[in-house]
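Chains as they are written, first to last, in my numbering: chain R, 1 to 112; chain C, 1 to 115.
Hints are computed from structural coordinates only; laboratory data are not their basis.
Watch out, some of these pointers could steer you wrong.
Stated by the list, open to error - Taking lysine-lysine pairs in the DSS-like style, the calculated list, with each CA pair at most 25 Å apart, reads: (1) C:K88 / R:K41; (2) R:K41 / C:K61; (3) R:K41 / C:K77; (4) C:K58 / C:K77.
Spelled out, the chains give:
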Amino acid sequence: ETAVFQTPNYHVTQVGNEVSFNCKQTLGHDTMYWYKQDSKKLLKIMFSYNNKQLIVNETVPRRFSPQSSDKAHLNLRIKSVEPEDSAVYLCASSRDRKNTLYFGAGTRLSVL
Amino acid sequence: AQSVDQPDAHVTLSEGASLELRCSYSYSAAPYLFWYVQYPGQSLQFLLKYITGDTVVKGTKGFEAEFRKSNSSFNLKKSPAHWSDSAKYFCALEGGGGTGSKLSFGKGAKLTVSP
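Work out the full structure: start from the sequences and follow the hints.
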């Protein structure tokens with residue numbers, strides 16, 4: 001059952017361009033996340049939002065900025081992409097800290 | 001600081017054998033511990049979690065894990081293993097404290113079960 005929707009599935013772009021990824025969850029959860037999964041499948045949290053408020057902001061380059069219009073949406077913008085930004089970006093949601101994360105299918109970014 | 005260690009990057013078994021994937025953690029307070037699985041070409045799916053209470057927790061797909069505070073471990077088990085269990089397994093620790101939510105993942109263990 002897919003309840004966390006990410007678009008696009010894939011994005012290929014060139015160094016220096018701006019990209020935006022969208023995420024929507026239909027589970028009624030209060031908390032949403034962005035994770036980065038690199039080529040070795042390592043997962044690192046980037047941002048966490050609770051009810052539209054930023055609550056976790058890990059050490060990520062300033063060119064990354066999350067945007068939340070309501071608790072069901074959490075988008076990710078990358079202002080000027082770099083080659084090291086090539087990865088899969090996973091959006092997730094949960095009811096709270098104790099609860100299961102539901103992940104989207106991911107957005108695969110390739111920076112040429 | 002919090003961290004999760006999965007010492008076995010690759011585990012290979014024959015179908016029908018028992019599987020155990022190791023996970024150890026470091027966290028100063030009571031942890032919330034999770035296992036997730038990622039099948040090839042797919043996103044992560046929840047398997048099970050330990051929050052409090054019984055130290056042996058059962059999850060989906062016949063998996064179970066035991067929380068051992070004495071050696072800070074949360075190993076994942078299943079018997080017998082099936083070829084369809086071949087996937088990458090991630091152990092995770094929630095220890096953000098306060099209202100912050102910060103689930104930290106281990107590096108993962110790639111499990112291959114041969115028919």
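Numbers of unmet hints, in rising order: none
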